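Given the coordinates of chain B, assemble chain G onto it according to the supplied hints.
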Amino acid sequence: MAPMASRGTLVLRAMIRSPETIGGLVLLTALVLLALVGPSISPWAYDQKDFTALLSPPTAEHWFGTSQIGADLFAQTVRGMQKSLLIGLLVAVISTALAAVVGAFAGYFGGWADRMLMWGVDLLLVLPGFLIISILSPRLRGSGFVVLVLLLAVFGWMLTARIVRGLTVSLREREFVQAARYMGISGPRIVLRHIIPNLSSFLIIDGALNVSGAIIGEAGLSFFGFGVQPPDVSLGTVIAAGAPAAIPHPWLFVFPAGVLILIVLSVNLIGDGLRDALEGRS
Amino acid sequence: MVKFLARRLLNYLVLVFLAASLAYGLAATALHPRANYEERNPRPPVAAIDATLSALNLNDKEPLLQRYGVWVAGVLRGDFGRTWEGDSINEQMGRRMWVSVRLLFFGVVLGSVAGVLVGAYSGLRQYKPDDRAITVVSFVVLAMPTFVLGTALAIGATWLNRTLGVSFLSITGESTPGLEGGFLVTLADRVGHLVVPTLTVALGQIAAYSRYQRSMMLDVLGQDYVRTALAKGLRRRTAMLKHALRTALIPVATFFAYSFGLLLVGSTFTEKIFGWHGMGAWFVDSVTRQDTNAVAAVSLFSAVLVLLAGLLSDVMYAALDPRVRVS
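Chain order of the listed sequences is B and G.
1 is the number of the first residue of the first sequence in the numbering used here; add one for each residue after it.
1 is the number of the first residue of the second sequence in the numbering used here; add one for each residue after it.
Next comes chain B alone, as it looks inside the complex (with noise of 0.2 Å):
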């Protein structure tokens, strides 16, 4: 008898048979390169200002062109880029932690902390955390983007948590959970090493889709102003600043807009793959 794959080598399998978790892999590794590599490619930086060509189109020397103060487009955009996926990055992590943590917990145990969840999650589909964001916006001006970051992943955790509570409250009743707690096993404990670690497929689906809800979010924040905040550039205020003129002068629009396009579908291009092999979806 040949040897059992692991779960893991099972799962990467079931991964690479799927083109389009490869395309996304590939698409995604591709963006993070020209983020990490573009700035120093470029013969511009990102707050450097070319007052020989205002509203260029792309030319050789500015290869997305030139915004009406002579900003190279290029530059700008990788700059939004490491900023974006920076921010979705952390985003994901904390909001998906969080969201695990508490929703386990509260699946578990069970009591007020279970019904303040559900109702902090009800009040957060009437009062989306967008609006509550921008609402904050005026005071964090000038306070950085980890601020921002903390902010979209307390918003942003919720959701999840409601899922994970639901998955938690099933998993209570399962022979591993009872045999666990007649060991003697405390109730947080349980939680962490036996709980959470059989969501572990869920929650890193749902961290790759989160990802792309940041980025998604703070570029719509930063659209309107409430988000990132200047000298500091994202995709989103890059585009904010483009979109205006986006009709006259495409290439303002265009570069920025598709580079935030592809980012968001190579994510969810591989969170859905993901979702597809470690649930056996096929």
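Since the hints were made in silico from the structure, they are not lab data.
A couple of the hints might just be wrong.
Pair by pair, the computed Cβ-Cβ distance ranges are [said to hold, decoys possible]:
no., chain 1, residue 1, chain 2, residue 2, range
1, G, SER167, B, LYS49, 33 to 43 Å
2, B, THR59, G, ARG95, 41 to 51 Å
3, G, TYR127, B, ARG193, 33 to 43 Å
4, G, GLY78, B, VAL37, 52 to 62 Å
5, G, LEU64, B, ARG141, 15 to 25 Å
Partner residues aside, some chain G positions facing chain B, computed with beta carbon under 10 Å [to be verified]:
no., residue
6, LEU10
7, TYR12
8, LEU22
9, LEU142
Only a predicted model underlies this, so the values are computations on that prediction, with no experimental measurement involved.
Ideal Cβ placement from N, Cα and C applies to all residues, glycine included.
Only chain G this time, still in chain B's reference frame:
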């Protein structure tokens, strides 16, 4: 069923009250209308600013709870207070809410109906070329935030107008100012202004609903009762519509309520991009202008819309799922 709906309504009302209070509290602490007066030139004396702000219930030197009390009492009487410049919020809201409703109504109806149909079709044709094409398109649309989709459609509409040499599709405002003509001319003008913004709202909805409906449909198609329906000799069409689609619609009804808040956020971008003076655009402008009462009013409005969407989804749920009506 009436009891079920009444219980849900009560739950929603408490939620809306809490959400609106939270929004007011946040707006009253984070926004700073005083700054608008202090920036005036010549700068008014502090006492004058205080008096004006107090009259508008915007004075940050008064305790928050007291301002909140005045605001709640006003809202319960149907008075949403005044903007920082002293204009009536009710008046603006009465005008702006219908702008938003006109934008959302067609977008939501078109988006959800078309999305469900496309998704159900896609599920029935799993892995056939048309299903693949629908999947690819919906993935691309889902990767586009509203402001990218809206701007892209605006560029597309301008290009189309130029290519065809007509100016039917308009991308600014709700109607052409000072347009002369009869009912038909006005109607055509309105429709021309409505098409692109409506598509912006609807396309994202179609993509989201079609993905969701497709996976629900696939879950249902493997069920015993669908096989039974086919085995007892129902035509495929009847079996699919009455047995498969009907059941697969139930979770989508819940999804409608869940996604409505996000839809409102998305329509904020649509209104700003296409110059519609609706509630979403007002929200963004009011945050920028530090206008506490207006921000609170828009938040309350959006909470009420989410409540209505929730109720509608409960009605759909009850209509689709007989178990709710019996118990």
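Hint check:
Hint check: SER167(G) to LYS49(B), Cβ distance near 36 Å, so the stated range 33 to 43 Å holds. Look at THR59(B) against ARG95(G): about 47 Å separates their beta carbons, and that is inside 41 to 51 Å. Taken as a hint, the range 33 to 43 Å holds for the pair TYR127(G) and ARG193(B), whose Cβ atoms sit roughly 40 Å apart. In this structure the supplied range 52 to 62 Å holds for GLY78(G) paired with VAL37(B), their Cβ-Cβ distance being about 60 Å.
Between LEU64(G) and ARG141(B) the beta carbons are some 21 Å apart, a value that agrees with the proposed interval 15 to 25 Å. At about 13 Å, the closest approach between the beta carbon of LEU10(G) and any beta carbon in chain B exceeds 10 Å, and the interface hint on this residue is violated. Interface hint status for TYR12(G): upheld, as the beta-carbon distance to the closest one in chain B is roughly 8 Å, under 10 Å. The beta carbon of LEU22(G) comes within 6 Å of a beta carbon in chain B, closer than 10 Å, and the hint placing it at the interface holds.
Because the beta carbon of LEU142(G) sits about 7 Å from the nearest beta carbon in chain B, less than 10 Å, this interface hint is met.
Hint violations for this structure: number 6 only, all remaining hints satisfied.
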